[in-house]
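K.L.:
Each chain is listed here by its residues.
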Amino acid sequence: MLEVSNLACSRGDHRLFSDLSFALYPGQIMQIQGANGSGKTSLLRTLCGFIIPDDGKITWRGEDVRELDEAYFAEMMYLGHLNAIKDELSALENLCISAGLSGTELNEKDAVAALRRMGLKGRERLPTKVLSQGQRRRVSLARLLVSDAKLWILDEPLAALDVGAVALIQELIAEHLAEHGMVMFTTHQPLQVAGMEMRCLSLS
Amino acid sequence: MNKLSLFSLLMLVVRRDLVLAMRRRADVLTTLIFFVMVVSLFPLGVGPEMDMLRKMAPGVLWVAALLASMLSLGRLFSADYLDGTLEQMLLAPQSLSVLVLGKMAAHWMVSGLPLVLMTPVLGLQFDMSIQAIAVLILGLLLGTPILSMVGAIGAALTLGLRGGGVLLSLLVLPLCIPVLIFGTGAVEAVTSGLSASSHLSLMGALLVLALAFTPWVTAQALRISME
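Heads up: the protein sequence lines correspond to chains A and B, in order.
So for the first sequence, the working numbering puts the first residue at 1; every next one is plus one.
So for the second sequence, the working numbering puts the first residue at 1; every next one is plus one.
No wet-lab data here; the hints were simulated from the structure.
Among the hints, a few may not be true.
[To be verified] Under 7 Å between C-beta atoms, here's a sample of chain B residues computed to sit facing chain A:
1) Leu4
2) Arg16
3) Arg23
4) Asp83
5) Pro93
[Claimed, not checked] Beta-carbon label-pair distances, calculated as ranges:
6) B:Gln220 to A:Ala194: 41 to 49 Å
7) A:Glu175 to B:Leu175: 48 to 56 Å
8) A:Lys57 to B:Ile224: 15 to 23 Å
9) A:Pro127 to B:Ile181: 39 to 47 Å
10) A:Pro26 to B:Leu175: 33 to 41 Å
11) B:Leu175 to A:Ala194: 28 to 36 Å
12) A:Glu171 to B:Met11: 33 to 41 Å
13) A:Asp64 to B:Pro178: 34 to 42 Å
14) B:Ala205 to A:Leu82: 37 to 45 Å
15) A:Glu105 to B:Leu211: 22 to 30 Å
[Stated by the list, open to error] With a straight-line cut-off of 25 Å between C-alpha atoms, the simulated DMTMM-like cross-links for lysine to aspartate or glutamate are:
16) A:Lys57 to B:Glu87
17) A:Lys150 to A:Asp87
18) A:Lys150 to B:Asp27
19) A:Lys129 to B:Glu87
20) A:Lys129 to B:Asp27
21) A:Lys57 to A:Glu88
Positions of the beta carbon are idealized from the N, C-alpha and C atoms, including for glycine.
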């Protein structure tokens, strides 16, 4: 239901891609491939509306996302290179606040459960500045567990994660797809989702 | 999971920023100490002539408040910008203007309100009359939120720029001149036996205007800066 037609995007004077068209339907997953600097992040940020495309159209359920605006944001979730967590706040506070910003009120029990599932048992109330890079990423990824967004846009979700966490993310993605969710992601690590056909989009 | 109402979203942002400010107390204190320092330096510089000090007190306090508020403006959005929280705010399914208004309110409570509370002490240092101090405080109460709100536009526009701090002051200070004029004018009116109500009403009008427009303008500026 996410449809992209004839999308063109450039940074500065450099044209990253043009005439890019694809569609993503419920239950589908798409990996964006390409060398460094080929425009993977720019494509994802364009889909989020941070970058205005030079040309082309992005539609969600048949309507232009620029017109949908907040109705589109309610159904999507973006996880970028930056973790969007505050060092001074605990993992629990961080999760509750980011859930609040995305419009859902999260009670403490659900938040603790989500953090435990991400393997942060016993660290829920520590300030995140004492956590390791991988653990911070886990705090950030815990948002996937408490969101009811349909479309996940994940930019390098596996960065800094260990093998166990990668397996967990694969499990989460499989669950999300089984519930008719959609996932778009970039990664440089292999990511296998059991029983799902992985579509690839190569940027060059 | 319950949907969050606009008001509880506003409270969430305010509470978050206040908690963050309390955990980084140094930032809050520097603004306040700067204000006290600048104001206290004037009597040392111009000499202890009571008449002159009494006359220039409102101006000195207002200019110091203006400069102190510039000091903390750079931090309004930059921390959120650097750690990616701002991206998530732009993607919030509710109105970005409300989020911005929450951040402005928290910024005022952290950087504006302490200055207002400190003013009586500093006013006494300049031998101002009780009446003049009362009007000065009232003026600052109306004026400092305007400084936070107008400053937020500048902070949003200069986000991510190198040397943005200086540029920010150059952008915002001229826009704050009306606040300065009405604020000091109110105190002068009261010390010369006139009513300060006209100055204060104009200041109130400016505050209402700022409340109505600056959150939206700041939200647009943030969208431009994120591109």
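K.L.:
For each hint, tell me whether it holds in the structure or not.
P.N.:
Status of each hint after checking the structure:
no.: 1; hint: Leu4; verdict: holds, 5 Å
no.: 2; hint: Arg16; verdict: holds, 5 Å
no.: 3; hint: Arg23; verdict: holds, 4 Å
no.: 4; hint: Asp83; verdict: holds, 6 Å
no.: 5; hint: Pro93; verdict: holds, 3 Å
no.: 6; hint: B:Gln220 to A:Ala194: 41 to 49 Å; verdict: holds, 45 Å
no.: 7; hint: A:Glu175 to B:Leu175: 48 to 56 Å; verdict: holds, 51 Å
no.: 8; hint: A:Lys57 to B:Ile224: 15 to 23 Å; verdict: holds, 21 Å
no.: 9; hint: A:Pro127 to B:Ile181: 39 to 47 Å; verdict: holds, 45 Å
no.: 10; hint: A:Pro26 to B:Leu175: 33 to 41 Å; verdict: violated, 49 Å
no.: 11; hint: B:Leu175 to A:Ala194: 28 to 36 Å; verdict: violated, 58 Å
no.: 12; hint: A:Glu171 to B:Met11: 33 to 41 Å; verdict: holds, 35 Å
no.: 13; hint: A:Asp64 to B:Pro178: 34 to 42 Å; verdict: holds, 41 Å
no.: 14; hint: B:Ala205 to A:Leu82: 37 to 45 Å; verdict: holds, 41 Å
no.: 15; hint: A:Glu105 to B:Leu211: 22 to 30 Å; verdict: holds, 26 Å
no.: 16; hint: A:Lys57 to B:Glu87; verdict: holds, 22 Å
no.: 17; hint: A:Lys150 to A:Asp87; verdict: violated, 29 Å
no.: 18; hint: A:Lys150 to B:Asp27; verdict: violated, 40 Å
no.: 19; hint: A:Lys129 to B:Glu87; verdict: holds, 20 Å
no.: 20; hint: A:Lys129 to B:Asp27; verdict: holds, 18 Å
no.: 21; hint: A:Lys57 to A:Glu88; verdict: violated, 40 Å
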